[in-house]
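Sequences listed follow chains A and B, in order. Following the numbering used here, the numbering of the first sequence begins with 1 at its first residue and continues without gaps. Following the numbering used here, the numbering of the second sequence begins with 194 at its first residue and continues without gaps.
Since the hints were derived computationally from the structure, they do not count as laboratory data. It should be emphasised that the depicted structure is a prediction, and the values quoted were computed from it without experimental measurement. Warning: the hint list may mix true and false statements.
Incomplete in silico selection of chain A near chain B, CB under 8 Å [unchecked claim]:
no.	residue
1	29
2	31
3	32
4	61
5	64
6	72
7	86
8	96
9	158
10	160
11	183
Away from chain A, derived, C-beta distances all over 12 Å, residues of chain B [as the list claims (entries may be wrong)]:
no.	residue
12	215
13	218
14	244
15	257
16	261
17	281
18	299
19	330
20	345
21	386
22	413
23	415
24	416
25	465
26	470
27	473
The C-beta atom is built at its ideal place from N, Cα and C for all residues, glycine as well.
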Amino acid sequence: MRIPGLTISLAVASLCLVMQAAAQRSEYHVDRAAKNLVTFISDAPIEDFEGSTSKIDGYLAYDGESFTSNSDLYFEVDLRTLDTGIGLRNRHMREDYLHTKKYPYAKFRGKIIAATPSGDKTTVKVSGSMDIHGVKRSMDISGTIRPSGDRLRITTTFDVSLPHHDIEVPQFMFMKIDENMELVLDFTLKNVK
Amino acid sequence: MRFVTVIIVFLITASATVGQDGTSWHRGETEQAPPLQLFHSTHGINLPTAEVLQQGNVEFEVSHRFVPRVSDGSRHLWGFDGPSNIRLALGYAYSDDGYVTLGRSNVQDNLELTVKHQILRWRNETLPVLLAARVGAAWNSDVNDRDAGDARNVQYYAQLIFNTMYADRFALGVVPSYVDNSRITHRDRQYTFVVGLHAQYYVTDVFNVVAEWIPTVSGWRTRHNTVAFGIELETGGHFFKIIASNNELLNTAQLLAGATDSFDNGDLHIGFNITRLLMF
């Protein structure tokens, strides 16, 4: 059997291209087995309260070694799993405010637009779109990335405006809570290629 | 022909490396349905619902029933004059499936210890079902002409609680209940078996109307079946109920034995229940 030289050349070239692309593109996924934590903090007139979940998922991808090079990131939080510590309050939050039957996830899609290394961490600025309660809003968020082996630990803190996402601001005894929720994220990504 | 084959192999290989949005990431199978909850609060006016608390939560309750009746007129401010029967209770959730409550009523100083445990959850789009069992014991320590420690002052009760809900608005409860020693002052030991019916319509997220009917099926009954109706306001971790009933009793073994007054004659007592959920 005779294999044409052109066919072999194309096959090798194709393989090289695929391997080269795979080598250049770094891709990390949320390590679902890690101790991930997403916390929101509500400033209420009588008592502050917190809610948290470990159900964050998503990925970060970029070319080569630079976080800013053709970066692409997507993260989502399963809002049905938010736990404030009180079952009734969880129910109110799900059914009356976040309407999680219709909008189960809070989603953020964007890219890293600036990265400043400092010691064992890199401070990054991310620009993208936050999709909560079916309403998308452009957002810039700052955070830090700490590499450790094949893992990246991500930490960030930012505010989300409830009215900006058409979420009714809950009232407690006729006093409204702060319309801005503080979100604190601490989660780990693992390298997949 | 082989050239075409190689091109196809290349395309398949290249495409296999690209998942969602150019990555190989896919959403994990981590979805967990929230707990099935039908009625919003752990009890209606007098009957329990199948709802339970989250582990570690504490539920504080204070309830009043004014002893004068609405039909007593202006002389008793249409039922708002005292005295009143009072119930104080504290519940603690030992797990996400059940909780224990210690409650005290000032009627014969009735102290009750109750456990409610959810035993079945059936998710269904049209008519989901929750089933819970509630058992308890009550000790009446202030009975005329009787020592506090007299064995006849102790009552036991057991309830099965079937709950369902239609269209997220209309909740229905059926609560067959058995009380042992339901008439503690009777010469012979009595029992009471009732089938309580409980309906609640959630008009808005914070306001609903509630009604109960507790007919006695067999055993002792204090003259009349208990009927109650009212409104409930829900805010944060609080529930406020303002009710009217022909039964002015509050603790389980006492109220299930029946009412002294007649609903048909309009002999109603005003009352309220307040519960607050706490977390430590």
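(request) Say whether it holds or is violated: residue 416 of chain B keeps its Cβ farther than 12 Å from all Cβ of chain A. (result) Given that every Cβ of chain A is farther than 12 Å from that of residue 416 of chain B, nearest at about 37 Å, it holds.
(request) For the hint on residue 31 of chain A, just tell me whether its beta-carbon gets within less than 8 Å of chain B. (result) Violated, because the Cβ-Cβ distance from residue 31 of chain A to chain B comes to roughly 11 Å (cut-off 8 Å).
(message) So residue 465 of chain B supposedly isn't at the interface. Is its beta-carbon more than 12 Å from every beta-carbon in chain A?
(response) With a cut-off of 12 Å, residue 465 of chain B remains clear of chain A, as the shortest Cβ separation is near 17 Å.
(message) If I take the minimum Cβ distance from residue 261 of chain B to any residue of chain A, is it greater than 12 Å?
(response) Given that every Cβ of chain A is farther than 12 Å from that of residue 261 of chain B, nearest at about 30 Å, it holds.
(request) So, residue 96 of chain A near chain B? Judge it on the closest CB pair being under 8 Å. (result) 5 Å, holds
(request) Using 8 Å as the Cβ threshold, decide whether residue 61 of chain A counts as touching chain B. (result) Hint on residue 61 of chain A: holds, closest Cβ of chain B at ~5 Å, below 8 Å.
(message) A cut-off of 12 Å on Cβ-Cβ distance, and residue 299 of chain B was said to be off the interface with chain A. Does that hold?
(response) 28 Å, holds
(message) A cut-off of 12 Å on Cβ-Cβ distance, and residue 330 of chain B was said to be off the interface with chain A. Does that hold?
(response) 26 Å, holds
(request) Answer holds if the nearest beta-carbon of chain B is closer than 8 Å to that of residue 64 of chain A; otherwise answer violated. (result) It is violated, given that the least Cβ distance between residue 64 of chain A and chain B is near 16 Å, above 8 Å.
(message) Beyond 12 Å on every Cβ pair: is that true for residue 257 of chain B relative to chain A?
(response) Holds: least Cβ distance 20 Å, greater than 12 Å.
(request) May I ask you to check that residue 415 of chain B keeps its beta-carbon over 12 Å from the closest beta-carbon of chain A? (result) The claim holds: residue 415 of chain B sits with its nearest Cβ about 34 Å from chain A, beyond 12 Å.
(request) Answer holds if the nearest beta-carbon of chain B is closer than 8 Å to that of residue 72 of chain A; otherwise answer violated. (result) With Cβ-Cβ at 7 Å, under 8 Å, it holds.
Violated hints, listed in ascending order, are 2, 5, 9, 10, 11, 12, 13, 14, 26 and 27; each of the other numbered hints is respected by the structure.
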